[in-house]
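> Chains as they are written, first to last, in my numbering: chain A, 1 to 167; chain B, 168 to 496.
Some hints here could point you the wrong way.
Pairs of lysine-lysine, DSS-like flavour, derived with a Cα cap of 25 Å [as the list claims (entries may be wrong)]:
#1 A:98 - A:136
#2 B:222 - B:287
#3 A:83 - B:287
#4 A:49 - A:117
#5 B:463 - A:117
#6 B:287 - A:117
#7 B:341 - B:287
#8 B:307 - A:46
#9 B:211 - B:455
#10 A:136 - A:117
#11 A:117 - B:451
#12 A:49 - A:166
#13 B:463 - A:104
#14 B:246 - B:287
#15 A:46 - A:83
#16 A:136 - A:49
#17 A:104 - B:246
#18 B:307 - B:287
#19 B:307 - A:49
No lab work stands behind these hints, which were simulated from the structure alone.
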Amino acid sequence: MKMRIQRTRLVAIAALLTVVVMAGVGCKKKIVDPFPASGAVAGWEKGDKTQTFDAANLYEYIDGGAEQYISAGGVGVATSDYKFQGNLEATVDVYTMKTADGAKTIFEADPATSDSKSVQLGDAARLYGQSVVFRKGSTLVRITAYEAAPGESDALLALAHGVEGKL
Amino acid sequence: MQNRREFVKEMVAGAAVLGAGTNFAWGQGKAAEKSKVVIVRDAKLRTPGPAPDEKRVAALLDHAMQTYFNAQNPVQPWKQIVRPGQVVSLKLNSMGGRAISPSVALVAAICERLQQAGIKAGDIIVWDRGSRELESAGFKLSNAPGAVRFIGSDTAGYEDASVSYGSVTTRLAKILTQSDVLINMPVLKSHNIVGVTMAMKNMYGVINNPNTMHGSGCNPYIADLNMIPQIRRKVRFVVGDLKTAVYEGGPGYRPEYAWNENALMVGEDRVAIDTISAQIVERKRAEKGLQTLEQKGTPLTYIATAADAQHKLGTNDPARIALIEQRIA
Chain A
1 MKMRIQRTRL VAIAALLTVV VMAGVGCKKK IVDPFPASGA VAGWEKGDKT
51 QTFDAANLYE YIDGGAEQYI SAGGVGVATS DYKFQGNLEA TVDVYTMKTA
101 DGAKTIFEAD PATSDSKSVQ LGDAARLYGQ SVVFRKGSTL VRITAYEAAP
151 GESDALLALA HGVEGKL
Chain B
168 MQNRREFVKE MVAGAAVLGA GTNFAWGQGK AAEKSKVVIV RDAKLRTPGP
218 APDEKRVAAL LDHAMQTYFN AQNPVQPWKQ IVRPGQVVSL KLNSMGGRAI
268 SPSVALVAAI CERLQQAGIK AGDIIVWDRG SRELESAGFK LSNAPGAVRF
318 IGSDTAGYED ASVSYGSVTT RLAKILTQSD VLINMPVLKS HNIVGVTMAM
368 KNMYGVINNP NTMHGSGCNP YIADLNMIPQ IRRKVRFVVG DLKTAVYEGG
418 PGYRPEYAWN ENALMVGEDR VAIDTISAQI VERKRAEKGL QTLEQKGTPL
468 TYIATAADAQ HKLGTNDPAR IALIEQRIA
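Using the sequences and the hints, build the whole thing.
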């Protein structure tokens with residue numbers, strides 16, 4: 001069982017590296033870890049697991065949602081959970097697309113809501129009550145909180161800036 | 168329960184709803200009857216925290232089931248769905264994490280009622296396609312003998328032999344094939360390919376290759392999949408958790424497009440359940456000023472296919488659906 005878990009972890013790490021290297025396609029290739037470490041953004045702790053899915057198994061993560069990303073040139077996603085001040089849970093999804101246009105296509109597919117607003121982050125960003133979405137080059141980042149909490153938007157935006165700074 | 172004030176709204180005048188405990192194989196002798204769908208709402212379902220109020224969830228379940236089966240006590244409905252000695256599995260839709268999955272409290276309440284109806288704890292399996300998804304929805308994985316099991320198909324595996332119907336060739340999850348009865352526990356979400364996902368689409372989680380069945384709005388894949396005998400026959404009842412629902416951007420959890428419906432939807436006609444579910448999402452989309460699902464390019468054709476003469480999985484005709492909506496104050 002332990003060996004199986006270790007093998008799974010190795011595969012996951014290898015896949016993550018593949019995804020982030022692919023993020024550099026079209027410019028210089030570099031290995032990027034897009035996830036801020038615990039404490040790097042005030043109040044935010046990173047979960048232990050980072051999971052990755054490529055185009056072939058993206059459906060395991062977002063079955064039924066994968067096609068939208070793949071048709072826009074999705075290469076894969078890396079995802080990790082975070083906690084803010086020990087209780088507010090959020091997930092950071094970093095989607096790597098083949099091109100910046102692909103990231104733009106996904107970003108613009110979501111209609112604005114009455115409580116959403118554009119914010120200065122990456123190439124374009126939208127902040128909602130419980131989530132923030134932004135794109136930067138060929139990367140699209142979606143940060144989702146799982147419950148409403150006071151001051152949540154500010155905390156999510158701070159984490160988003162932390163991710164953006166690592167891209 | 169005794170102090171509840173109830174407001175009953177019969178949506179279909181003169182509806183002759185399905186009788187309790189009748190034949191569950193819709194389409195075999197039921198075509199002339201109306202399909203009953205019960206929705207019960209409780210505005211106080213939520214607590215300040217992320218989980219709903221356990222007692223109110225249990226009360227909501229009992230209310231919905233007793234209404235559906237016209238039962239005098241909360242165990243009686245379950246005795247009409249299961250028999251002692253059977254293996255009963257609860258197929259969740261936990262893909263969206265704990266914010267948009269059947270709640271732990273609801274699953275616990277059903278497991279309790281099943282045991283009171285004579286099912287051994289060790290014969291109850293709570294499952295979904297992936298262990299990771301179950302965990303993310305707040306369930307602790309467990310395969311201990313004698314206790315309710317919580318496992319994913321990625322652990323339990325799939326049958327080696329393929330089964331086919333129409334456009335679908337697939338391998339079934341062993342948990343499904345080893346179950347006598349399956350309780351379908353979906354959640355209500357918009358879906359970028361099919362329009363709305365609820366009961367029938369949740370069966371994509373009982374097979375090994377759902378990724379191959381998303382073309383053409385999943386049509387006729389969803390209907391064909393539900394025709395596979397092990398699925399058609401074993402899915403005896405649907406308990407949909409509508410505490411939260413998503414009207415746009417699904418099937419993942421999208422809090423910006425989610426709302427609190429604070430409800431349960433129960434019934435045995437999977438097509439009627441999906442038809443009513445689509446109406447709920449369409450109403451919310453209209454309220455938010457969004458296009459209809461058809462205008463968006465996701466016209467819910469799979470529901471019509473499931474109701475057609477070839478499939479007869481249920482009815483999508485509103486005139487043949489007896490919708491009973493109640494509210495717990």
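> Indicate, hint by hint, whether the structure satisfies it.
Right, here's what the structure says about each hint:
1. For the hint pairing residue 98 (chain A) with residue 136 (chain A), the CA-to-CA distance comes to about 12 Å; that is within 25 Å, so the pair holds.
2. With a C-alpha separation of about 23 Å, the suggested pair residue 222 (chain B) and residue 287 (chain B) falls inside the 25 Å cut-off, and the hint holds.
3. The suggested pairing of residue 83 (chain A) with residue 287 (chain B) is violated, with an alpha-carbon distance near 38 Å, which exceeds 25 Å.
4. Restraint check for residue 49 (chain A) and residue 117 (chain A): not satisfied, since their Cα atoms lie roughly 31 Å apart, outside the 25 Å limit.
5. With a C-alpha separation of about 23 Å, the suggested pairing of residue 463 (chain B) with residue 117 (chain A) holds against the 25 Å cut-off.
6. For a cut-off of 25 Å, the pair hint linking residue 287 (chain B) to residue 117 (chain A) is broken: about 52 Å separates their Cα positions.
7. Distance restraint check for residue 341 (chain B) and residue 287 (chain B): the Cα-Cα separation of roughly 19 Å lies within the 25 Å cut-off, and the hinted pair is therefore satisfied.
8. Our distance criterion of 25 Å between C-alpha atoms is met by residue 307 (chain B) and residue 46 (chain A), whose separation comes to about 21 Å.
9. Our distance criterion of 25 Å between C-alpha atoms is met by residue 211 (chain B) and residue 455 (chain B), whose separation comes to about 24 Å.
10. The hinted pair formed by residue 136 (chain A) and residue 117 (chain A) meets the criterion: a straight-line CA distance of about 17 Å does not exceed 25 Å.
11. A threshold of 25 Å between alpha carbons decides the hint, and for residue 117 (chain A) with residue 451 (chain B) the separation of about 21 Å falls inside it, so the pair holds.
12. Proposed proximity of residue 49 (chain A) and residue 166 (chain A) is supported: the alpha carbons are some 18 Å apart, at most 25 Å.
13. Straight-line distance between C-alpha atoms of residue 463 (chain B) and residue 104 (chain A) comes to about 19 Å, which keeps the hinted pair within the 25 Å bound.
14. For the suggested pair residue 246 (chain B) and residue 287 (chain B), the alpha carbons sit about 13 Å apart, so the restraint of at most 25 Å is met.
15. Between residue 46 (chain A) and residue 83 (chain A) the CA atoms are separated by roughly 7 Å; this keeps the pair inside 25 Å, and the hint holds.
16. Of the pairs offered as hints, the one joining residue 136 (chain A) and residue 49 (chain A) holds, with about 24 Å between alpha carbons and a cut-off of 25 Å not exceeded.
17. This hinted pair does not check out: residue 104 (chain A) and residue 246 (chain B) have alpha carbons roughly 53 Å apart, beyond 25 Å.
18. For the hint pairing residue 307 (chain B) with residue 287 (chain B), the CA-to-CA distance comes to about 19 Å; that is within 25 Å, so the pair holds.
19. Distance restraint check for residue 307 (chain B) and residue 49 (chain A): the Cα-Cα separation of roughly 17 Å lies within the 25 Å cut-off, and the hinted pair is therefore satisfied.
Hint compliance for this structure: hints 3, 4, 6, 17 are not met, and every other hint is.
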